[in-house]
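K.L.:
Chain A is already provided as a structure; the job is to place chain B on it using the hints.
2 protein chains.
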Amino acid sequence: MAKQTNAISPTRQEDFPEWYQQVVRAADLAENSEVRGCMVIKPWGYGLWERIQAQLDVMFKATGHKNAYFPLLIPLSYLEKEAEHAEGFATECAVVTHHRLEVQTGEDGKTKMIPAGKLTEPLVIRPTSETIIGAAFSRWVESYRDLPLLINQWANVMRWEMRPRLFLRTAEFLWQEGHTVHETDGEAWEETEKILGIYEKFAREHLAIPVITGEKTENERFPGAERTLCIEAMVQDCKAIQAGTSHFLGQNFSKASDISFAGRDGSKQFGWTTSWGVSTRLVGTLIMAHGDDDGAMMPPRVAPTQVVILPITPREETREEVLNAADALAGELQQQDYCGELIRVEVDKREMQGGAKNWEWIKKGVPLRMEIGPRDMEKGTVAVARRDMPPREKQFLARDEVITGTGNILGEIQQSLLARATALRESNTRNIDSMDDLVEYFTPLNPEKPEIHGGFALCHWAGSNEDEEKITKDHKVTIRCIPNGREFIEEGKCILTGKPSSQRVIFAKGY
Amino acid sequence: MAKQTNAISPTRQEDFPEWYQQVVRAADLAENSEVRGCMVIKPWGYGLWERIQAQLDVMFKATGHKNAYFPLLIPLSYLEKEAEHAEGFATECAVVTHHRLEVQTGEDGKTKMIPAGKLTEPLVIRPTSETIIGAAFSRWVESYRDLPLLINQWANVMRWEMRPRLFLRTAEFLWQEGHTVHETDGEAWEETEKILGIYEKFAREHLAIPVITGEKTENERFPGAERTLCIEAMVQDCKAIQAGTSHFLGQNFSKASDISFAGRDGSKQFGWTTSWGVSTRLVGTLIMAHGDDDGAMMPPRVAPTQVVILPITPREETREEVLNAADALAGELQQQDYCGELIRVEVDKREMQGGAKNWEWIKKGVPLRMEIGPRDMEKGTVAVARRDMPPREKQFLARDEVITGTGNILGEIQQSLLARATALRESNTRNIDSMDDLVEYFTPLNPEKPEIHGGFALCHWAGSNEDEEKITKDHKVTIRCIPNGREFIEEGKCILTGKPSSQRVIFAKGY
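Chains A and B supply the protein sequences, listed in that same order.
Just so we're aligned: 316 in the working numbering is position 316 of the first sequence, and the numbers increase by one with no gaps anywhere.
To get the working numbering, take the position in the second sequence, counting from 1, and add 1000.
Pulled out of the complex, with its shape left as it was, chain A reads as follows (with noise of 0.2 Å):
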């Protein structure tokens, strides 16, 4: 069979944006539903996040945050106690007006089911819970000895998308939120830079996605947030993924809900608030900064299958004899550990061609293959092909090498998927100093290819929030954030304004 029919077209040069959504198919991760902007999750898109929610989740509780569940639905009163928030979400959010639904006969003797039980106050589908949340802590805390509150919630949230776009934009999408209430505004402050190293970290060690962490500017900040720090992905494209966001929130949703609390000196305080989120949109993350022409290539920290062992039965007389030395060496495999977890191994046995059954597990970008056959038994030997090597490379290592090799194996694997990532987004970032350099910067070298372009331009900056809303109208370009890092502080002038700047911002096209 042809390379060509079984790698992705159009290849990730030709049309990235429609690359990513053949790639999305073929490693079958998910897919568009009936219902606008929702998507299925397939079990190994499925697979995938609970890797990530069960990752992240160790690192919220080993930083004492805690789970718990709010309610899906919140009432409009609430939405509107704090102004900005509610501006900001009211053109993104499902409402729900009836409880029940009647059945309705037509002129023509046809009977539907129409919407009844209207509600006296109408309820959202939360797009973010700072508002049922706060009530909630209005409840809770009393006293400062109550502080700090640190809860996090995994959920569903609803913001309606009028360009939905599978992981990273959906109308539907899974996330965890958290959620903190603390004394004083320098713990606040500690904990939102704390969650952004959690985040920073998580997606560098387990998605190996090299994030710069930074800060948004004002025009960019969550709505009701007095300021957001995110982290920021290049993608294959060489556009920007807000992948992340952790918002110190002051006192605006504690005196919105009336999170006070007694102090030390007996006087009523509102306390000082922070919420964060990762979402599905890191599914689409990883695989627009991992996948190439063949299909995804899951990290092996979070791939759902860490190993496939692909049993080769030319004949019916050996057949059993391999699918039982397949099944042997996925036990012992999966005794081993890899980075703290036991290794995640599947045995495809399902009966179909092999080259066919190869490319499925290609595609869907699973970090092993192994075959093992009638002659590797004989040699005592398994087939190891990588998921970063080109397709048709093979190893053939010693069982007894593979069964405690393999946690090495996909060790350098992820590691080599971080030094790709790391490669690419430093080749695809430089300092620009001059609004015409920026303008070309971004300004595609191939028309009929207008998808890869430009980068991560260092820009000096002084402009005002006018100014960064008019470069994004003329230019399609955005601040995407203020990063840390000592590199970018140095003194320079604003390539707009030439007010003097203390530091360059990073600008991007951006998903």
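Hints listed in this document are in silico derivations from the structure and should not be mistaken for laboratory results.
Treat the hints with care, since some could be wrong.
Said to hold, decoys possible - Subject to a maximum C-alpha distance of 30 Å in a straight line, what follows is the list of computed DSBU-like cross-link-like pairs (lysine-lysine):
| # | chain 1 | residue 1 | chain 2 | residue 2 |
| --- | --- | --- | --- | --- |
| 1 | A | Lys110 | B | Lys1255 |
| 2 | B | Lys1118 | A | Lys81 |
| 3 | A | Lys349 | B | Lys1268 |
What you are looking at is a predicted structure, and each value in this text was computed from that prediction instead of being measured.
P.N.:
Structure of chain B alone, referenced to chain A:
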């Protein structure tokens, strides 16, 4: 401090439903929210649900099921596809009719937000997902080779409730819903029974609840199902709680959603489907099954924390030493395991009065409380108190014994809870052979304590659906199930009609 002030008021005997509400509050499990019928699950309650989820998830995966995720919202037209199903859920559906909010200024100049962006077709928040998952399965299943398709979803669902009760009956609840497609009716029936077996085993071994398995009568079937199997628990007021259901759906939903496939002979066939679920109702069931007049009592296997260590620090000068000893004890204990999981230990270092702290943990129902103070450190002992023993009873055990023996003690507590619940059920189950006896059995002995009475009545039954409805209406008892087990099979006469019957069914009052 007198015991009276700590115990739950009212007691179970005085007012069981109110006792339940008070335990849920005292154990800090959940609370009502401002949204009618929707609860906030607090960290201790959610921790319990997390254990339930994790352990069931292992059982589902071990039997070949994979998790996926489907949309929260269902188009009305989908719900209508299966007529009985639509009718069954119509009165409980929350309906989304708009997709944004708009600011409106009233005559008084005040602004408010109103629903805008009317949807062409209303969407229903899933009360259960057969129809929306059926639409996906219709795409996924093409050939008999794609079967069986074994999918599970962990999700929130919504059924508008007029008389909500925390955990047992809430408008929004958390659950898992399994959905499977099979090639033959035999395989689908086998799956329906297999899952019931998992539920029974989980209830018995993990929740220490000796549920009865059986089949619902036609009246009590899931809307659209051909057969509904269930597990039924008896709680301490001798009422029944349906704790889980497993439905054999025949071809009803596969025909409604066109889940068809090319069979082995190439002909088009409809799949045979099942669906099954347990929910956060299990948490309420567990509280009602095991709690006592001092509060909740957690079965060790699912307790969020299995051991709490309470440092006794009478003098400031030994305080740090004691806290370190408590940490060291916790560190060693959580290396040990119980039932294949590391023991979950918490050190409660909060500065509060020791008696109050101890009672908080009694009310939460933590299986083991351990005290360690300066005198224990001198003697090398730890004071250990079991939640299933009277609150003041402690054993002073050698520290080494505690490290190695805690797993066993947890096992003993787990067994004692199951033994108590089994004894309760057995002593409140009896054969009843006439309508008069049935009515008497369910008539409260003391009209002032209407809640504690009756139990499971094993009766011969051969009445019609209408007869069954009438008994339910007149006497507030329902047929909980046609129980599995040879002990229920014998020839007899229906208590109502006198017609011959070959097996006893269970009548009980239920939640």
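K.L.:
Next step is simple, just say for each hint if it's right about the structure.
P.N.:
Going through the hints against the structure:
no. : hint                   : in the structure
1   : Lys110(A) x Lys1255(B) : 21 Å, holds
2   : Lys1118(B) x Lys81(A)  : 24 Å, holds
3   : Lys349(A) x Lys1268(B) : 26 Å, holds
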